[in-house]
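Engineer: Listed below, chain by chain, are the residues.
Number of protein chains: 2
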Amino acid sequence: MSVADIIRRRRSCRAYLEDPVSREAVERVLEAARLAPSACNQQPWRFAVVTDVAWRREIIEHGFRMGIPMRWALKAPVLIVVGMKRSLIVHRAAVKLTKIDYPWIDIGIAGEHLVLQAEEMGLGTCWIGWVKPRRVRSIIGWPKDIRPAAVITLGWPENPDDPPGPRPRKELEEIVTWLPTEPGKSG
Amino acid sequence: MSVADIIRRRRSCRAYLEDPVSREAVERVLEAARLAPSACNQQPWRFAVVTDVAWRREIIEHGFRMGIPMRWALKAPVLIVVGMKRSLIVHRAAVKLTKIDYPWIDIGIAGEHLVLQAEEMGLGTCWIGWVKPRRVRSIIGWPKDIRPAAVITLGWPENPDDPPGPRPRKELEEIVTWLPTEPGKSG
Numbered sequence: 001m002s003v004a005d006i007i008r009r010r011r012s013c014r015a016y017l018e019d020p021v022s023r024e025a026v027e028r029v030l031e032a033a034r035l036a037p038s039a040c041n042q043q044p045w046r047f048a049v050v051t052d053v054a055w056r057r058e059i060i061e062h063g064f065r066m067g068i069p070m071r072w073a074l075k076a077p078v079l080i081v082v083g084m085k086r087s088l089i090v091h092r093a094a095v096k097l098t099k100i101d102y103p104w105i106d107i108g109i110a111g112e113h114l115v116l117q118a119e120e121m122g123l124g125t126c127w128i129g130w131v132k133p134r135r136v137r138s139i140i141g142w143p144k145d146i147r148p149a150a151v152i153t154l155g156w157p158e159n160p161d162d163p164p165g166p167r168p169r170k171e172l173e174e175i176v177t178w179l180p181t182e183p184g185k186s187g
Numbered sequence: 001m002s003v004a005d006i007i008r009r010r011r012s013c014r015a016y017l018e019d020p021v022s023r024e025a026v027e028r029v030l031e032a033a034r035l036a037p038s039a040c041n042q043q044p045w046r047f048a049v050v051t052d053v054a055w056r057r058e059i060i061e062h063g064f065r066m067g068i069p070m071r072w073a074l075k076a077p078v079l080i081v082v083g084m085k086r087s088l089i090v091h092r093a094a095v096k097l098t099k100i101d102y103p104w105i106d107i108g109i110a111g112e113h114l115v116l117q118a119e120e121m122g123l124g125t126c127w128i129g130w131v132k133p134r135r136v137r138s139i140i141g142w143p144k145d146i147r148p149a150a151v152i153t154l155g156w157p158e159n160p161d162d163p164p165g166p167r168p169r170k171e172l173e174e175i176v177t178w179l180p181t182e183p184g185k186s187g
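Those sequence lines, one after another, are chains A and B. For the first sequence, the working numbering assigns the number 1 to the initial residue and increments by one for each residue that follows. For the second sequence, the working numbering assigns the number 1 to the initial residue and increments by one for each residue that follows.
Calculated directly from the structure, the hints in this document are not laboratory data. The structure displayed is predicted, hence computed values, not measured ones. Heads up, some of the hints might be wrong.
Identical chains blur together in the list; that is why a pair holds if it fits in one copy or across any two.
[Said to hold, decoys possible] Here are the computed lysine-lysine pairs in the DSS-like style, where the Cα-Cα straight-line distance is at most 25 Å: (1) K144 with K96; (2) K170 with K144; (3) K132 with K99; (4) K85 with K99; (5) K96 with K85; (6) K170 with K85; (7) K99 with K144; (8) K132 with K144; (9) K144 with K85; (10) K75 with K132.
Please work from the sequences and hints to get the whole structure.
Structural biologist: Here is the structure:
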């Protein structure tokens, strides 16, 4: 299947079978993330792979700032915590000068490599934000200089053959400006 | 070609033919970006497509905080400026509570959809950071609530048949922690 097909088919998966995902499969999705580009090749991404059910429960139940419990996430056999390790020089200088925090962009790039690779393998994923960084860091045992940013659930979808659900998105015209504007058209 | 192949083959392309890229091709890569997932489906990404040579020169020569001029980037027939439009409620609350700036992650996700789609079409891309947001915004004419974050060059690679160059990356062991740690192994 082409990249275009994979991107069109991908949905956030919130219903998983309890079947385990092999270590080899997890390593394949991590390998896709590893090859991502990043600002000044700093590779600020770090990943923690959590398969043990008690640890997963700990993260899902206590690691997020959400009012509602995410029961569906408890069923995902693998949680991949995505963390960011900031480079003291490159990253801090950039955010000071430009007010753009490039390592977060890099986290998005690498995490989405992982997501698209998983989709190609028939695995479901869902990015979950709103983590409590300190809580999650202490569960994982990461040092202070790695900030947990998001969790990606990973597992075999409960209903892989269902047609993909709706995906509300802004139209291209709402998000794209063409320069120079063609005569008679607004940007 | 599979997603895995595309990811393995992708390199930042810094040598372009001057051949133009069709509007249809540009729309295809933008469509891939449009379908990306984002925190609370806020879709904070905005894109400006710049094909006119004078405008491109203006952005490349004056839009970046880099000491060295990026002559190679002048040859790319298309610049796609990636901007971020912050949602007042969702995004500001999240960054305040979690110190994680989710819309930047979303920008990375969407921009990389664009990059991988381009790679599949045989087009080269290169993410460029260190933009001067105000300068680029005023060149494009974006309103104040859209912050230019990066530029992605797009064009036909000068040497598409060359084998991909080296890509130094940390090993998986350096970026991945497995939990629970297997007995006798460090995380």
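Engineer: Which numbered hints are broken by the structure, listed smallest first?
Structural biologist: none
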